Amino acid sequence: MIGSLNKPNIRRPALVVQCCILHLLRLLYDGTVPHVAAGEETMTRKDLYDPFFEHDSCGVGFVAHVNGTRTHDIVANGITILKNLVHRGAIGGDQKTGDGAGMLTQVPHEFLAAECVKAGFGLPTAGGYGVAMLFLPRAATKRKEAKDIFESAVRDEAGAVLGWRDVPVRPDCLGDMAAASMPFVTQAFVTFEGASGPGLERKLYVARKCIERQAASAGMSMDDLYVASFSGATLNYKGMFVAPQFDAFYPDLLDPKFTSAIALVHQRYSTNTFPSWCLAQPFRYCAHNGEINTLRGNINKMNAREATLSSALFGQDIKKLFPVIAAGGSDSAMFDNVYELLVMGGRSLEHSMMMMIPEAFGPRYHISEDKRAFYEYHAAILEPWDGPASFSFTDGTIVGAALDRNGLRPARYVITRSGLVVLASEIGVLDIPANDVLEKGRLAPGKMILVDTAHNRVVFDNEIKASVSRRKPYRRWLEKNKIELKGLFGVPGPVRIERDTLLTNEKVFGYTLEDLDMIIAPMAENAQEPVGSMGNDEALAVLSERPQVLFNYFKQLFAQVTNPPIDPYRENLVMSLMSFVGRESNLLDESEQHCRQLKLSHPILSNDDLNKLRNMNVGGFRSCVQPILFEPSTRSLNAALDAVAADVEKKVEDGCSLIILSDRGVDETHVPIPSLLAVSAVHQHLVRVGKRQLTGIVIETGEAREVMHFACLMGFGASAINPYLAFEVIADLVERKSLQSDLTLEAAIENYITAVKKGLLKIMSKMGVSTIRSYKGAQIFEAVGLGEELIDRYFPGTPSRIGGIGVSEIVAESNARHSAAFGSNAGPQGLESGGKYRYREFSEKHLLSPVAVALLQKATRENDPAVFAQYSAHVNNVSANLCTLRGLFSFKKAADVPLDDVEPVESIVKRFVTSAMSFGSISKDAHETLAIAMNRLGAASNSGEGGEDEERYVPLANGDSLKSAIKQVASARFGVTSNYLVNSRELQIKMAQGAKPGEGGQLPGNKVDKTIAKVRHSTPGVMLISPPPHHDIYSIEDLAQLIFDLKNANRGARISVKLVAEAGVGTVAAGVAKGRADMVLISGHDGGTGASPLSSIKHAGIPWEIGLAETQQVLVRNRLRGFIRVQCDGQMKTGRDVVIAALLGAEEFGFGTAAVVTLGCIMMRKCHLNTCPVGVATQDPALRKRFTGKPEYVINFMRFVAQEVRQYMAQLGFKTMDEMIGRSDLIEVNGAVSHWKTRGLDFSRVLAPPQLDAGQPLRCVSKQVHDFSNSLDVSIIEQAKVSIEDKKPVSLAMPIRNRNRTVGAMLSAEISKRYGSAGLPANTIKVKFTGAAGQSFGAFLTRGVTLELEGDANDYVGKGLCGGTIIMYPPRDANYRAHNNIVTGNVNLFGATGGEMYVHGMAGERFAVRNSGAVAVVEGLGDHGCEYMTGGTVVVLGKTGVNFAAGMSGGIAYVLDENQLFDTRCNLEMVDLEPVVQEEDKKSLHSLIANHVRYTQSPYASQILDDWSEMLPRFVKVMPIDYRSALERIRKDQSRETEVVPITEEVY
Amino acid sequence: MGKVTGFFDYPRRAFAYRPVGERVNDYKELIIPQSGPEITTQAARCMDCGIPFCQAMGCPVYNLIPEWNDLVYKGNWQEAYERLEMTNNLPEITGRICPAPCETSCTLSINSSPVTIKQIELAIIENAFAQGWVTARPPAAESGRKVAVIGSGPAGISAAQQLRRMGHAVTVFEREDRIGGILRYGIPDFKLEKWVLDRRLEQLIEEGVNFETSVHIGDDLSARYLRRAFDAVLVAMGAGQPRDLTVPGRGLQNIHFAMEYLIQSNKSIAGILGDEKQISAKNRNVLVIGGGDTGSDCVGTARRQGAKKIYQFEIMPKPREWQDSTNPSWPYWPQILRTSSSHEEGCERDWNILTKEFTGTGAGAVEKIRCVRLEWKPSEKGKPPAMVEIPGSEFSLDVDLVLLAMGFLHVTHNRLLDDFKVDYDPRGNIKTSSYGTSVDGVFAAGDADIGASLVVRAIFHGREAAKAIDNYLKNKK
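Protein chains in written order, with our numbering: chain C, 1 to 1548; chain R, 1 to 477.
If you are wondering where the hints come from, they were derived from the structure by calculation, not from laboratory data. Here the structure is a predicted model, which is why all the values come from computation and not from measurement. The reader is advised that the hints may include incorrect statements.
As the list claims (entries may be wrong) - Far from chain C by the CB rule (all over 12 Å, computed), these chain R residues:
{"#": "1", "residue": "ASN25"}
{"#": "2", "residue": "ASP26"}
{"#": "3", "residue": "GLY132"}
{"#": "4", "residue": "GLU212"}
{"#": "5", "residue": "ARG224"}
{"#": "6", "residue": "TRP322"}
{"#": "7", "residue": "ASP419"}
{"#": "8", "residue": "ASP425"}
What the hints assert, rightly or not - Straight-line alpha carbon distances no greater than 27 Å define the calculated DSS-like cross-link-like pairs of lysine-lysine that follow:
{"#": "9", "chain 1": "C", "residue 1": "LYS924", "chain 2": "R", "residue 2": "LYS3"}
{"#": "10", "chain 1": "R", "residue 1": "LYS477", "chain 2": "R", "residue 2": "LYS146"}
{"#": "11", "chain 1": "C", "residue 1": "LYS858", "chain 2": "R", "residue 2": "LYS383"}
{"#": "12", "chain 1": "R", "residue 1": "LYS467", "chain 2": "C", "residue 2": "LYS845"}
{"#": "13", "chain 1": "C", "residue 1": "LYS737", "chain 2": "R", "residue 2": "LYS3"}
{"#": "14", "chain 1": "C", "residue 1": "LYS482", "chain 2": "C", "residue 2": "LYS612"}
{"#": "15", "chain 1": "R", "residue 1": "LYS3", "chain 2": "C", "residue 2": "LYS1185"}
{"#": "16", "chain 1": "R", "residue 1": "LYS381", "chain 2": "C", "residue 2": "LYS858"}
{"#": "17", "chain 1": "R", "residue 1": "LYS308", "chain 2": "R", "residue 2": "LYS356"}
{"#": "18", "chain 1": "C", "residue 1": "LYS1237", "chain 2": "R", "residue 2": "LYS467"}
For every residue, glycine included, the Cβ atom is placed at its ideal position computed from N, Cα and C.
Model the full structure from these sequences, guided by the hints.
Shown next, in the form of structure tokens:
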């Protein structure tokens, strides 16, 4: 709308014939139109989009001949695989441009030789030359320049360019956006005298790095000159395609002479579709499905390491390889860069992969000593590249694949008798006759598989790793060299309380009473982080007039959608706090010396530990102390930091391998440098000068006390922390008897350290990071309110999008604390109250002040607009209550319109929703009152994640409806059944929650009463757990799959996705739009909660103003905005808030806290204690009686807000809300607000108007297109009409393949609509399928439907199963032993609430996670089986993976434990193992197996029944402890009110 | 916080008063202090609210109520005292006489009964005195600045203590013969025994506050002298100007302002005024006009003096009767019928009564009062209701003593203020901005600044004014 109306629209050449287009495009690009990439670059500085946050995920795989035979079939098969993975990719806003696809093959010598002859030159024999696949500019002059660079660089390295071959391409098949940015694709052929094999590869590598460097110095970006591959062994074809466009674009691939024994393929799904051909995969060695979460730290560390790299293989050439990591790449590209260095440096493919993505090797894994030693040794050399990953890799001879330790991405393989190996994200991507199958399997977490075409064998994980681990005596090296201080981490000794300085130190470091009694004391007592509720309405640090510690300006980033958070509670066996500290050696070498470092089992040091380190000097390992104090004046802080950095550098040069930064010694003239500033300044300085890897950084600080502080210090470069003042405070608390009386000081300190460790694991996990080694220095934070200069100098690379304070304000804050501590005698003698977690007059400001609560309640109860006006004036009064960024905004003057012309209140309120609050976190009364109110308004209430009682689907006699229009689908899937899904207008996938993004939750047993248990399909009194991730969303394509599932389950409902604002949320939203969600909700960081860890409430996520603006900008730029609506919530309180959100791009608005305040909530912040005194957030019947809320109050509130919105609209000149959406140009920053810290704030990026092409919408104008063309349900419904309508039985049969996804959901919806959850009589509809089923086979399958599958299935079989039956077995003509082979993929029966499933064969990881009622028999399964199960029965007739029954609080599992080692694989935290002795157990088990035999004809199971008396004793019964007692209690019908349940976080 | 479920587990148990029959015979304190364990139980009822309305909206001095409740519950009395002392210079006084708006704002007042905040406060401070924790805290260093405080009521005392602790030399000037202002002579002993005040004053004296009594500023000391001799002056002399009743017969004998009556009574109890000079209610029919706290104090005093019959008339309507322990106007101060301890001791109350005239005996003493009953008609929104006399409702009553307790208008406009030439606000109070008056270096706090209000608000004012003066002195060269 603004600025770009006149820009010529050049992107519509679709109807012109191909050669003309090329010509035309060339003309355009040679002419006046700037290169897109250059345009992008200038734009990035102006708004919130940052390419750093792009994510991609995908389908990945390879096909290879074990015997190395090169055929064209392999190439063709590769393309077929791509086409069958097309649903795992995505297309862009033009509905045609793919995110990228590609294939890496062996060099097809025969083909190239023939082609080169055509081009006028000949090639040497195979292997004697290298071929470069190049993306060059289409503009001739620029291309010439690029070619010159290429040729001269090759010449300089003593190579010869034999000739060029322009690769034929057919751009007519491309989408507009892809075509516009299409490069000129060409190949160059190069020889190096006499070089071949690895020698040639190294020459080519050096040459390529020289080319890249020279191109960069000539001002060329990756988009101007990109070398897709440059090798004598492999060749890479890729581009911006969806799979079907791939071979159409590159006719080369169709040439029968184009042969290879290996084809490695990749179909990309990117959150963005900004044209980038270079970022399509594969890269030179790898194709990656996943995401590297620790990228920033990995880059920094790699850069720092370059100074010490050396290698005999490269000699002097090593310097030419720098920078190892090329700028502008994606995480996968950068991984490829480092992987290439390791491989070129002489390590094998598999060795290098084991270094970069090590499998978990903690104490709970039974692995060989040598392998454990291998990993530990390498932990001292290279930190993991952490994040979900499925890698396929090849060097042209060996091709392999590996999964990360969490195994969150699928990798299924088939090995055939004829020597073909196919590995892909899904099974069924190639049609392979069943009788040709030798083996079917899946990669387990952390495992690897190789196909060695030179030696004609498939090598499996054990053999690979055993051989790599024994290459060198790693175990001996480690034993001899690693330093483990004796007694380090022993029982903490006594802490001396320095009475003279305790109080002043507390004040200097900004401690408040709250820090003591709400943070430190609970940690010391309970060994876990304190929990709070009701979100965060406190002023942002940069808006607070009170001095803030520097940590408060940082916000934790967290994983949402594109990569899953890890579960730090139930899956902590994959996580590790162990690290090595000290001086690192040359990465490209290995020796004993490499592991001469200090091993820390965790990073929190007691005072004794630190003293030991302080005095350490063993075998060349020496520590030095560096004070970090300054004198109180601005100039001296910069100088002090420079001096500290210089001193540290000198100490490192002098051989100090451990630096201890210390702020001890504060006195009247010495102020501590904020510890985070000191750590980051030193860390960054050492990175810059290439010395970071020579030393460890330990910080001894009085400042660190809450988990966030430790997480920041580690995240910005510290290796270990000694929080001496926190310890002293604990000692003081113990002495003053402020802690539980029986707690000793030692125990209190140990508890505190444990709480910090747990907190660190939790923060790492929500980023998807497993090890502290890669978390260290990974800077997974963004800053809100720190100025550019400060960031650039001390926190480079940290996003900080609105500017803010600088060093002088930090000094002012430090000085304020210091002078309060050393000031006059008149002030208070004790600590200040704090007021962050509990309101205190004269302390931190809160949006919901006592006056605001009182006025809001009065206004809505008495329906008094005048009081409401007082309320909103109070909340909006920026000079008095500056809490939020929007407080700094004002509206530009505009031509007003009469109020009467503005659309009415009635239509505006329809855009309002109440935010998700589960029945469970709030009372039935409150929950239903909200529903009635919103239904009366024609607006929508949100069920939250706790399910919904079906009784509420029936309207009341007075016409009111208790039904929540929005049904939430969250990670625990409580009560998510077909009937639940059908009874909704909107289905909302909750990816994150403002108060605790990236975390799960627990509903304590005492809140689970009979009704809640019924609604959630669980047992009264048994704790309910929500896992941190959705176990069916490990990636963006998984989200697209769930959206598709839900759309099938209710075609009439729109699908929305709830995200929380953070840097990069816009790119995630773009991914969500491409996943065809109808609406995306951007929640602010400050949303309410029933319970969350306090550090999450305060320190994760950012204000919605930034997140919403970013979302709007990215969606508009990607041309996706028109397809998706945007909703916003987070402490919305007034009409002004709504108007600002609308102007920033939201169409709809959510109210949570304000709505419950009208119902009586008074911000007790006690929801987690079940003691809400006004009956809102409690299940206690006595307290619920105190509830006095009425629907009218909520209605009054919504109408008041809408009326205010109208007034603003009139003033801004808008008659309809639609006109207002996205008009950020009408917001300006209120210059009148004066505040000493806000001076540096700069909102230009937030308010940047989008660059628009003509007609491009700023709001949603059309519907998402959902493609059901591959849905089998359409035909099943048609054929089963008589069953659905008249309950007559029907039997059907049909073929199926992996593109046929979500079978059964749509059918079930039809049944649920008619019959509710009762469904049809058993077996009314039977469908037999043959083939490989796509994902979500049998999802939400309801009663009366039986699906039988002969073949294989992919992930998510029986997701949300709610009464139906699924039967699976391998093809009858298969020759392999079914029970040893994988028949079905990962995450089967996730969130099932009922029904049955029988699998003849093995299932993948996470079988029956969150099952609450289904019965299943399976013949073996992967890791994490029955995790979080709360009901149902699972029988496993074979092996399980590790971590079985983690978090299992209900239901029963029977496992056939042949070798009596099951207890080592089971997580025994919540379950007991029992023999199967009780008659009813025996009977139930036998009948389930008998069913299994009957349905699947499993000979294996049949055998078990035949030997029943022999086999029965080998079964164990897995019995959840809580469940058992709950059952007993129910049996005795006892009340459990007297039982004490520990206070813990809960689900909201 | 207190006990998580304390509010649910324990009932409220507030102060008990000595039995009426016993207490009307003396002027000793009415309150019977509760045992330590009971106080602990009562403290356990505190919920440590996310928004403590008691602190943030109820308490005018913003006492850190939840914090000391918790500490009392945990038995950490000394720390409880430390946190109480952070906001309140006179907790032993507010703990006795404050109407406790904190309790009406207590979250438990919504639907239960409030925490007994006032008695916990009293218990904390009395325990602190008993344990010897209340000690002088003289300044660490002298600032060399001098501040005069005019008036020794709660605002003046609080300001003086704070200013002294900041290192300034402080002199408090009091018109009466003893220090304390309203606390000394305005409040009867049965509500506040005077040793309580003396005990606190000892601390101030030890900290080095200089007190000068019986000084009539403006007469004994000139404004000019004060300005010259002191770096700053704080006017904290209360709102001494009573509202008068201008009806025929007002000039008759035995019609007094309430404060006149109470001061004489207090002096008499203190033994510094002969009974012969005292206005006494003994054997008289007493009428108190005005239904507020001062009127109530007159009732209690008259009862103890042996009045024959006591009436209390109020012009406004009878507030709504409310027996429940919840607050119908939560979190605001409710307009409900309050029955004070004095009322319990015997008094006939009536409302909607307008005095028309007094008539006297031949000797010029009041004998009868003629009144009329009123009706209050609601008027248009935003305006106060209109008063209408009910025709034919006139009546008269025999009275021997009439006490006018109809509130206070504003600070007494005396010579000092005239000499300072301070500006007044439209209501006649001293006009201030952040406690500074229109005259440089002259500050005002408490009732003199905002009109008659609570003791606890005066304390807050005193403390804040001290801060303002300290800032002023820091910036003054």
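Outcome of the hint check:
1. ASN25: For ASN25 of chain R, whose nearest Cβ neighbour in chain C is about 43 Å away, the distance exceeds 12 Å, so it holds.
2. ASP26: With a cut-off of 12 Å, ASP26 of chain R remains clear of chain C, as the shortest Cβ separation is near 39 Å.
3. GLY132: Check passes; 17 Å lies beyond 12 Å.
4. GLU212: About 23 Å separates GLU212 of chain R from the closest Cβ of chain C, which puts it past 12 Å; holds.
5. ARG224: holds, 30 Å
6. TRP322: holds, 17 Å
7. ASP419: holds, 31 Å
8. ASP425: holds, 22 Å
9. C:LYS924 x R:LYS3: Holds. LYS924 of chain C to LYS3 of chain R sits at ~26 Å (cutoff 27 Å).
10. R:LYS477 x R:LYS146: Measuring from Cα to Cα gives roughly 14 Å; hence the hint holds.
11. C:LYS858 x R:LYS383: At roughly 20 Å apart (the allowed maximum being 27 Å), LYS383 of chain R and LYS858 of chain C satisfy the hint.
12. R:LYS467 x C:LYS845: This hinted pair holds, its Cα atoms lying about 21 Å apart.
13. C:LYS737 x R:LYS3: holds, 16 Å
14. C:LYS482 x C:LYS612: holds, 16 Å
15. R:LYS3 x C:LYS1185: Cα-Cα ~21 Å, so holds.
16. R:LYS381 x C:LYS858: Satisfied, since the Cα-Cα distance of roughly 17 Å is no more than 27 Å.
17. R:LYS308 x R:LYS356: holds, 24 Å
18. C:LYS1237 x R:LYS467: holds, 24 Å
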